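Engineer: Fit chain W to the given chain Y structure using the hints.
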Amino acid sequence: MTVYFTKEHEWIRVEGDTATIGISNHAQEQLGDIVFAEVPDVGRRVSKGQEAAVVESVKAASDVYAPVTGEVVEANQAVADEPALVNSDPEGQGWFFKIRLDNPGELEGLMDEAAYRDWVATL
Amino acid sequence: MSREVHNGPTDDTQARGTHYAGDPDGGAGTETPSLDKLPLDAWHRERGGRMVPFAGYEMPVQYEGIMAEHLWTRENAGLFDVSHMGQLLVHGRDVDAALERLMPGDFKAAADMKPKYSLLLDESGGIIDDLMATRRGDDFYIVVNGATKHGDIAVMEQRLPSEVVVDHMKEQALLALQGPRAAEVLEKIIPGVSDLGFMQGGPFNWNGRNLWISRSGYTGEDGFEISVPAVAAADLTDAIVADDLAKPIGLGARDSLRLEAGLPLYGHDIDHETTPVMAGLNFAINKRRRAEGGFAGDLRILAELEQGTPQKRVGFDVDGRQPVREGALVLDAEGNEVGRITSGGFSPSLQRPIAMGYVASHLADVGTELKLSQRGKLIGARVGAMPFVPHRYHRKGATA
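Protein sequences, first through last, are from chains Y and W. For any residue, its number in our numbering is found by taking its place in the first sequence, counting from 1, and adding 1249. For any residue, its number in our numbering is found by taking its place in the second sequence, counting from 1, and adding 2.
Pulled out of the complex, with its shape left as it was, chain Y reads as follows (with noise of 0.2 Å):
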C-alpha cells in the first residue's frame, strides 16, 4: 500500500487497482469547519484533473479534482452525511471516494507522504 499526495492536498492511497481519495489534514484546517460535502455516484467516470468531489466549509467552497482517471467504484456515503468527519479525520474515515484505476503511470511525478509534509511546511 502506498500514500501519494498532489500539490492540490488531495491525498491517494493505492491498493492493487483501487486508489482511495480524499482531503489532507492541512486542507481541511484551511479550510475550517466542513459544513457540506458531495461525493461522487458510483460508476461514474472521472479523468484526471477533473472536479469528482465537493467540500464546503463556513467559509469557503473547493472542489476535490480526481488526482487519476478511472471508474468510481464507492463513495463515503459517511462525510456526506456527517460532512465534520473531515475535519476529525480527514486521512482515515474522511475519504471521498475510490477509484479503480485505468493507467497506474499517472501516480508517477505524485508526491510521497514525506515530500508532501516537507512541502506543506514550506506554505
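No lab work stands behind these hints, which were simulated from the structure alone. Some hints could be false.
Per label pair, the in silico range of CB-to-CB distance [claimed, not checked]:
id, chain 1, residue 1, chain 2, residue 2, range
1, Y, 1326, W, 138, 55 to 61 Å
2, Y, 1337, W, 232, 37 to 43 Å
3, W, 335, Y, 1330, 29 to 35 Å
4, W, 321, Y, 1326, 18 to 24 Å
5, W, 335, Y, 1333, 33 to 39 Å
6, Y, 1267, W, 321, 31 to 37 Å
Incomplete in silico selection of chain Y near chain W, CB under 8 Å [said to hold, decoys possible]:
id, residue
7, 1272
8, 1284
9, 1285
10, 1305
11, 1312
12, 1313
Quick caveat, the model's predicted, so the values are computed rather than measured. Note that CB positions come from ideal geometry on N, CA and C, so glycine has one too.
Structural biologist: For chain W alone, kept in the frame of chain Y given last:
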C-alpha cells in the same frame, strides 16, 4: 482540491487590500498594495488568529474556528477587533444641517449620545456606505466601514461646506464585545456600562484613558462597541478576555453572525447600485426627511417609497445542506433569472444554509418558492423572514 469561492468579509472582492471604491471587483487584477497592521496585530497572532487581508489590513479571520466562535458569541461574550473601521469626528458650524444633505437621517433633532444607523448616499440615491452617527454635543461621531473609509472621507470633504471639518480619529482602536453575557463581563471592568440602553452611548474612563462606549453592534445580540486609544487597546483587550466568559472572535464569525441577524454587509448586500428602499432600509429614512427631502438622491428615493422598487433585498431559506454564496442566481419557477444572492453561508446557529439577496419585488413575499443556481446546480429555496435568528438587543426595563 481547488479553492473556488470565499465567502463574506474574507471574500476576495473585498480582501485584496485595496480600498473599496465602488469597483465591484474590489480592484481585481490590480497589484496588492502592502497591508496595514491593526493596533492589536501582535495580540491576534499571539492568540493564534489566522490573519487574512481585509479592507487594507491584515485581520484575524478566526482563532479556534468559525463555528465555535459563532456559537460562543451567541451564548457568552465575543470580543471583536474592528479597528479597521473608520472613526470620524465631524464638526463645524451647522454640521447637522450639512450632514442632512448627504444622508436621509434626522441629524438636526438627533438626541445627544444616541447612535443612529444612516446611509451616505450619492446623487442618484445609491449607497456609498452605511454607518452609525452619534451626536456628541455639537459634533457628530461617525463610524464607517473599513474598506470604504478613505472614499467616504473624500466624499464628505468634497460635499460638505468648508466650515465643516472631518477628523479621522486614526489614533483610536475600536472593539466590540457582543453576546448575552457582554454586559456582565464589561460591567466588572468598566462600572456603569450596563446602565446604557440599547443604542445609547457615553464617555467612560478606564485606567486613566477616555473611552467612548455605545450599546450597539453587528451580531443581533446585546453588546457594546468601545472606542479606545490605540495605545491602550491591548491592555483593555487583555482585561476583557481575562474573564472566562469572553473570547476573541474573528471576521469569519462576525460575518455569519450578522447574516443570521439579517444585517446587510456593505460591498455585498448594499452598494452604489442599490438604494435604501431596494435594500429594505426604509427605517433609516426619517419621517421629516420624507416630507421635506433635501438629501442626495431624494427624488428617486421618495418616488421609490411611494411606488416601490423593481427588486428588494430578502432572506432565503435554502433547501439541503449546501451553502449558497454570493453570486448565485435566483430563478423563478420557469427558470427566468429574477435576482441574485449577495451573501450566503451555513448558519451555525440553525445548522442549515441561509442567504440574502435581491429578487423581483412581486416574488419577494415570505414563503415564495424559488430556485438558486450555483455552479451549474439548481437548489430549492424560499423567501424567508429576516432576521433568521431573532435579535436579542437589550431593552431597558426588560428582565435580564
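Engineer: Do the numbers back the hint for residue 1272 (chain Y), that is, is its least Cβ distance to chain W under 8 Å?
Structural biologist: It holds, given that the least Cβ distance between residue 1272 (chain Y) and chain W is near 5 Å, below 8 Å.
Engineer: Double-check residue 1312 (chain Y) for me: the hint is only fine if its C-beta lies closer than 8 Å to a C-beta in chain W.
Structural biologist: This hint holds: residue 1312 (chain Y) lies near chain W, its Cβ roughly 5 Å from the closest one there, short of 8 Å.
Engineer: Does residue 1305 (chain Y) pass the interface check with chain W, least Cβ-Cβ distance below 8 Å?
Structural biologist: Holds, about 6 Å.
Engineer: Using the C-beta atoms of residue 1326 (chain Y) and residue 138 (chain W), is the stated range 55 to 61 Å upheld?
Structural biologist: 59 Å, holds
Engineer: Using the beta carbons of residue 335 (chain W) and residue 1333 (chain Y), state whether their distance is inside 33 to 39 Å or not.
Structural biologist: Once the Cβ atoms are compared, 35 Å apart, the range 33 to 39 Å for residue 1333 (chain Y) and residue 335 (chain W) holds.
Engineer: Are residue 1285 (chain Y) and chain W close enough, Cβ to Cβ, to be under 8 Å, as the hint says?
Structural biologist: 5 Å, holds
Engineer: For residue 321 (chain W) and residue 1326 (chain Y), compare the CB-CB distance with the range 18 to 24 Å and indicate the outcome.
Structural biologist: At roughly 19 Å between Cβ atoms, residue 1326 (chain Y) and residue 321 (chain W) fall inside 18 to 24 Å, so the hint holds.
Engineer: Is the shortest C-beta separation between residue 1284 (chain Y) and chain W less than 8 Å?
Structural biologist: Residue 1284 (chain Y) check passes; min Cβ-Cβ to chain W is 4 Å, inside 8 Å.
Engineer: Holds or violated: the hint that residue 1313 (chain Y) contacts chain W, with Cβ atoms closer than 8 Å.
Structural biologist: Cβ of residue 1313 (chain Y) sits 5 Å from chain W, so the hint holds.
Engineer: Between residue 335 (chain W) and residue 1330 (chain Y), is the Cβ distance one that fits in 29 to 35 Å?
Structural biologist: 30 Å, holds
Engineer: Could you check the hint for me, namely that residue 1337 (chain Y) and residue 232 (chain W) are 37 to 43 Å apart, CB to CB?
Structural biologist: Because 40 Å falls inside the window, the suggested range holds.
Engineer: Tell me if the beta carbons of residue 1267 (chain Y) and residue 321 (chain W) are separated by a distance inside 31 to 37 Å.
Structural biologist: 34 Å, holds
In terms of the numbered hints stated before, the structure departs from none.
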